[in-house]
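Protein chains: 2
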Amino acid sequence: MKAQLGGDEGKHKFVLKTPKGTRDYSPKQMAIRERVFSAIINCFKRHGAEVIDTPVFELKETLTGKYGEDSKLIYDLKDQGGELLSLRYDLTVPFARYLAMNKITNIKRYHIAKVYRRDNPAMTRGRYREFYQCDFDIAGQFDPMIPDAECLKIVHEILSDLQLGDFLIKVNDRRILDGMFAVCGVPDSKFRTICSSVDKLDKVPWEDVKNEMVGEKGLSPEAADRIGEYVQLHGGLDLIEQLLQDPKLSQNKLAKEGLGDMKLLFEYLTLFGITGKISFDLSLARGLDYYTGVIYEAVLLQQQNDHVEDPVSVGSVAGGGRYDGLVGMFDPKGRKVPCVGVSIGIERIFSILEQRVEASEEKIRTTETQVLVASAQKKLLEERLKLISELWDAGIKAEILYKKNPKLLNQLQYCEDTGIPLVAIVGEQELKDGVVKLRVVATREEVNIRRENLIEEIRMRTSQL
Amino acid sequence: MKAQLGGDEGKHKFVLKTPKGTRDYSPKQMAIRERVFSAIINCFKRHGAEVIDTPVFELKETLTGKYGEDSKLIYDLKDQGGELLSLRYDLTVPFARYLAMNKITNIKRYHIAKVYRRDNPAMTRGRYREFYQCDFDIAGQFDPMIPDAECLKIVHEILSDLQLGDFLIKVNDRRILDGMFAVCGVPDSKFRTICSSVDKLDKVPWEDVKNEMVGEKGLSPEAADRIGEYVQLHGGLDLIEQLLQDPKLSQNKLAKEGLGDMKLLFEYLTLFGITGKISFDLSLARGLDYYTGVIYEAVLLQQQNDHVEDPVSVGSVAGGGRYDGLVGMFDPKGRKVPCVGVSIGIERIFSILEQRVEASEEKIRTTETQVLVASAQKKLLEERLKLISELWDAGIKAEILYKKNPKLLNQLQYCEDTGIPLVAIVGEQELKDGVVKLRVVATREEVNIRRENLIEEIRMRTSQL
Numbered sequence: 040m041k042a043q044l045g046g047d048e049g050k051h052k053f054v055l056k057t058p059k060g061t062r063d064y065s066p067k068q069m070a071i072r073e074r075v076f077s078a079i080i081n082c083f084k085r086h087g088a089e090v091i092d093t094p095v096f097e098l099k100e101t102l103t104g105k106y107g108e109d110s111k112l113i114y115d116l117k118d119q120g121g122e123l124l125s126l127r128y129d130l131t132v133p134f135a136r137y138l139a140m141n142k143i144t145n146i147k148r149y150h151i152a153k154v155y156r157r158d159n160p161a162m163t164r165g166r167y168r169e170f171y172q173c174d175f176d177i178a179g180q181f182d183p184m185i186p187d188a189e190c191l192k193i194v195h196e197i198l199s200d201l202q203l204g205d206f207l208i209k210v211n212d213r214r215i216l217d218g219m220f221a222v223c224g225v226p227d228s229k230f231r232t233i234c235s236s237v238d239k240l241d242k243v244p245w246e247d248v249k250n251e252m253v254g255e256k257g258l259s260p261e262a263a264d265r266i267g268e269y270v271q272l273h274g275g276l277d278l279i280e281q282l283l284q285d286p287k288l289s290q291n292k293l294a295k296e297g298l299g300d301m302k303l304l305f306e307y308l309t310l311f312g313i314t315g316k317i318s319f320d321l322s323l324a325r326g327l328d329y330y331t332g333v334i335y336e337a338v339l340l341q342q343q344n345d346h347v348e349d350p351v352s353v354g355s356v357a358g359g360g361r362y363d364g365l366v367g368m369f370d371p372k373g374r375k376v377p378c379v380g381v382s383i384g385i386e387r388i389f390s391i392l393e394q395r396v397e398a399s400e401e402k403i404r405t406t407e408t409q410v411l412v413a414s415a416q417k418k419l420l421e422e423r424l425k426l427i428s429e430l431w432d433a434g435i436k437a438e439i440l441y442k443k444n445p446k447l448l449n450q451l452q453y454c455e456d457t458g459i460p461l462v463a464i465v466g467e468q469e470l471k472d473g474v475v476k477l478r479v480v481a482t483r484e485e486v487n488i489r490r491e492n493l494i495e496e497i498r499m500r501t502s503q504l
Numbered sequence: 040m041k042a043q044l045g046g047d048e049g050k051h052k053f054v055l056k057t058p059k060g061t062r063d064y065s066p067k068q069m070a071i072r073e074r075v076f077s078a079i080i081n082c083f084k085r086h087g088a089e090v091i092d093t094p095v096f097e098l099k100e101t102l103t104g105k106y107g108e109d110s111k112l113i114y115d116l117k118d119q120g121g122e123l124l125s126l127r128y129d130l131t132v133p134f135a136r137y138l139a140m141n142k143i144t145n146i147k148r149y150h151i152a153k154v155y156r157r158d159n160p161a162m163t164r165g166r167y168r169e170f171y172q173c174d175f176d177i178a179g180q181f182d183p184m185i186p187d188a189e190c191l192k193i194v195h196e197i198l199s200d201l202q203l204g205d206f207l208i209k210v211n212d213r214r215i216l217d218g219m220f221a222v223c224g225v226p227d228s229k230f231r232t233i234c235s236s237v238d239k240l241d242k243v244p245w246e247d248v249k250n251e252m253v254g255e256k257g258l259s260p261e262a263a264d265r266i267g268e269y270v271q272l273h274g275g276l277d278l279i280e281q282l283l284q285d286p287k288l289s290q291n292k293l294a295k296e297g298l299g300d301m302k303l304l305f306e307y308l309t310l311f312g313i314t315g316k317i318s319f320d321l322s323l324a325r326g327l328d329y330y331t332g333v334i335y336e337a338v339l340l341q342q343q344n345d346h347v348e349d350p351v352s353v354g355s356v357a358g359g360g361r362y363d364g365l366v367g368m369f370d371p372k373g374r375k376v377p378c379v380g381v382s383i384g385i386e387r388i389f390s391i392l393e394q395r396v397e398a399s400e401e402k403i404r405t406t407e408t409q410v411l412v413a414s415a416q417k418k419l420l421e422e423r424l425k426l427i428s429e430l431w432d433a434g435i436k437a438e439i440l441y442k443k444n445p446k447l448l449n450q451l452q453y454c455e456d457t458g459i460p461l462v463a464i465v466g467e468q469e470l471k472d473g474v475v476k477l478r479v480v481a482t483r484e485e486v487n488i489r490r491e492n493l494i495e496e497i498r499m500r501t502s503q504l
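Going line by line, the protein sequences match chains A and B. Positions in the first sequence are counted from 1; adding 39 to them yields my numbering. Positions in the second sequence are counted from 1; adding 39 to them yields my numbering.
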């Protein structure tokens, strides 16, 4: 991947690579990527979403104060005179800025674009510094938990559709977390930082998290232990009912609100028939500052898969939640627009599908060419150009080799290599007879087609494929 | 567009806007944008192109020395430790870097992505600092002018397909320009800078360009006048023949090579039947340093259009050329990969189409929703959720209002506003009878459909639309 390069002037030596944590997509990778995008976009459209786009960078101050401890991972642009700019860190903050700026109080939109984080890359596990997010959000003042339930339905549909194996969607609520912190004796001022510690529970064991809470963040060991008891709980409607009876939690206003909404959410998810893959999990925290209500995260469950020799270790593939205060942070009068959304983290999904394709014998075509226009003898370039021009004008996907006198064998080999199903061969005799010889690459069958019927014949034969 | 915003802390005041020279795309703009992309991608695929993607930023040194006087327009990222990075300025240099890095000597690919230039924006005319390029390039050692002719065919197909009105594709060759400079008495060392001056001829009159050549760049007035005579020439095969006989040019090796290839190019373009829109134009220069052979640029011709009150002033909408040396600049051993390509500058095309839609009565749908699941009475949220879940699972594009008890009138109004063609209405009676009332929004026709036939009925009715 790296190569020392001496410039023309013999002065520079530079490394031939993409920036750290980024990658190119080859045509084959793009073919896989487009399959995934297509499944996701189909789902978003099925749920009636519009689509928007925003610039890759924002004013630096637009991003300030939205990401808590993660703000250090934001890429800033160099001050070259003019505005101070940063690359977007997610699609949620630009969305909120867009709503406030255009005074939109009601929209259901998706946005698929790259975001940027100066994180430690782990590229084999699909963690990059430049990566795609596929976001679906519902903004507006609505009756409780109906849009929230639809977001979870969407995650369920997409992960099922992509056939990534078994998955689990963990659900929690910021209000339940905050209520839990309160009844465990965490001071108000430490809610956010203790929440960040809990957020690490999916990667490190409880003992390490406790040490961070007590050692680094100054929480009392007793408070930490009380948190420790709650965060091991997970379940469904039964657990929600149990916590609604919990002598301490039930006395806390925030926790009670959160648990009430969680119960409603599970009722809607039951109607959608998807509670089998949903787990109410008190250890789910999610680090971002802007969440105010329900939060969720989907993880793929490790599985034995005969087709994959060395299974990729994957974690979260989707996440999101409710953020009712974010738009108000941008509005001149602080007017709030309640929002809930979900973000599909597709890099990990790519990694899995790429590895699956590698392991299988599946041959992925990277073009859609229907026919190669070939010649059987020399000096027929002009005839090939005339014919292919007719085909292009009729909307047929067609190629020629860029040689004056290519060998027929090389032309046929090109079709084999790239999966082109048909060859239209012009030769002296065919020209005299007013026909083109159409060859089916797979069967080697050859048939003379009258020139005026060729387009129809190609359409007919490639629509059958 | 701008609003002063006091932060929650009452400390910051900040401007609510996108960075200078950038914009958001609303759902309606995205609908237009996707139509344009689809036409362009269809054309690229019709010509057998694969697709790749590269990161939005490159190592700074990757971009160094590729853009001549335009290098000052490159966006650099802030040095936050680690590599020095710049936002890509075009898609051509990243493509060349990709070829060299992966030792690819033969590929036909397209790439559609945003590029970044710290230029003076003129947004009403579609000139932005962040804008899309749609690039198609052919890399490889081939017989002369065959790929070059295909690039021009592609520009012709796309501009015809988008129905933007009359257009002209200007063609020239760097070798003809350099030969012309030589025979006019321009010193070798001044070729590039004089070329940059000629490049301004489409925007400023000859006198200004001459003043720049003589005053700023130190060319003799006689040399400038000699250039002035050549650059007013434009035509077709006749002009090529005439210049091949030109006593001075025909003595120059570079010019002769360029003119010979130009003649071949026009022969191929004649076979493609597109010479009517092609003009060999000696004033076409194109500023970028990396071109080595044929260059071209497509411009829309101003037209009277009754539908548009205030026609947008538009210039170049596509451009490109041959760059045989660029990949070699990245290859450790300087191995060359000849390339030719074209870039469609779609921002101007968007501007025109947007204005056309605004001026017309055309109503653009921004969603694809087929059916709204509605209720006729209160307390039917659960029934709506159950029904819509069935529809989603069957692949039907469906929405509900996120209210427990929406009024039927509001539900119907939502369909009118967003163009949803069908309403599936559940009510007490329908539930008892095992039917759903299907309403056609346009005709107000209502018909009871048995629940088990509903999906089939919706599919049938929306495929007719």
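Calculated directly from the structure, the hints in this document are not laboratory data. Careful, some of the hints might be misleading.
Since the list gives no way to pick one copy over another, a pair counts as held whenever it fits inside one copy or between any two copies.
[Stated by the list, open to error] In silico DSSO-like pairs for lysine-lysine, Cα to Cα no more than 30 angstroms straight-line:
#1 K442 / K292
#2 K375 / K418
#3 K239 / K442
#4 K99 / K67
#5 K436 / K142
#6 K402 / K425
#7 K239 / K84
#8 K84 / K249
#9 K443 / K316
#10 K117 / K292
#11 K295 / K425
#12 K242 / K446
#13 K67 / K153
#14 K372 / K239
#15 K443 / K292
#16 K425 / K256
#17 K99 / K56
#18 K142 / K153
#19 K67 / K402
#20 K316 / K446
Hint-by-hint comparison with the structure:
1. With identical chains, the CA atoms of K442 and K292 are at most 30 angstroms apart between copies only, with a shortest distance of 25 angstroms across copies and 77 angstroms within one.
2. Taking the shortest alpha-carbon separations for K375 and K418, only the inter-copy value of 28 angstroms comes in at or below 30 angstroms, while the best intra-copy value is 72 angstroms.
3. Taking the closest pair of Cα atoms, K239 and K442 never come within 30 angstroms of each other, the shortest separation being 60 angstroms inside a single copy and 36 angstroms across copies.
4. When the C-alpha separation of K99 and K67 is checked against a cutoff of 30 angstroms, the pair qualifies only between copies, where the shortest distance is 27 angstroms, while the shortest distance within a copy is 36 angstroms.
5. For the identical chains of this complex, K436 and K142 are inter-copy neighbours only, at 28 angstroms across copies versus 45 angstroms inside a copy, given an alpha-carbon limit of 30 angstroms.
6. In this assembly of identical chains, K402 and K425 lie within 30 angstroms of each other by CA distance neither inside one copy nor across copies; the values are 32 angstroms within and 40 angstroms between.
7. Taking the shortest alpha-carbon separations for K239 and K84, neither the intra-copy value of 34 angstroms nor the inter-copy value of 46 angstroms comes in at or below 30 angstroms.
8. In this homomeric assembly, K84 and K249 never come within 30 angstroms of each other (Cα to Cα): the closest approach is 44 angstroms inside a single copy and 56 angstroms across copies.
9. Taking the closest pair of Cα atoms, K443 and K316 come within 30 angstroms of each other only across two copies (25 angstroms); inside a single copy the shortest separation is 60 angstroms, beyond that limit.
10. For the homomeric pair K117 and K292, neither the shortest alpha-carbon distance inside one copy (47 angstroms) nor that between copies (46 angstroms) is at most 30 angstroms.
11. Taking CA atoms no more than 30 angstroms apart as the test, K295 paired with K425 passes between copies only; the shortest distance there is 27 angstroms, against 75 angstroms inside one copy.
12. Taking the closest pair of Cα atoms, K242 and K446 never come within 30 angstroms of each other, the shortest separation being 59 angstroms inside a single copy and 48 angstroms across copies.
13. Both within a single protomer and between protomers do K67 and K153 lie at most 30 angstroms apart by alpha-carbon distance, with minima of 19 angstroms and 21 angstroms respectively.
14. Within a single copy, K372 and K239 get their C-alpha atoms no closer than 36 angstroms, and across copies no closer than 48 angstroms, so neither meets the 30 angstroms cut-off.
15. In this assembly of identical chains, K443 and K292 lie within 30 angstroms of each other by CA distance solely across copies; the values are 24 angstroms between and 81 angstroms within a copy.
16. Proximity of K425 and K256 under a CA criterion of 30 angstroms is satisfied in neither setting, with 75 angstroms inside one chain copy and 47 angstroms between copies.
17. Both within a single protomer and between protomers do K99 and K56 lie at most 30 angstroms apart by alpha-carbon distance, with minima of 28 angstroms and 11 angstroms respectively.
18. Taking the shortest alpha-carbon separations for K142 and K153, both the intra-copy value of 25 angstroms and the inter-copy value of 27 angstroms come in at or below 30 angstroms.
19. In the homo-oligomer, the alpha carbons of K67 and K402 lie at most 30 angstroms apart inside one protomer (10 angstroms), although the nearest pairing across protomers, at 38 angstroms, exceeds that limit.
20. Taking identical chains as interchangeable, the C-alpha atoms of K316 and K446 are never at most 30 angstroms apart, the minima being 58 angstroms within one chain and 34 angstroms between chains.
The structure is inconsistent with the numbered hints 3, 6, 7, 8, 10, 12, 14, 16 and 20, although it conforms to all the rest.
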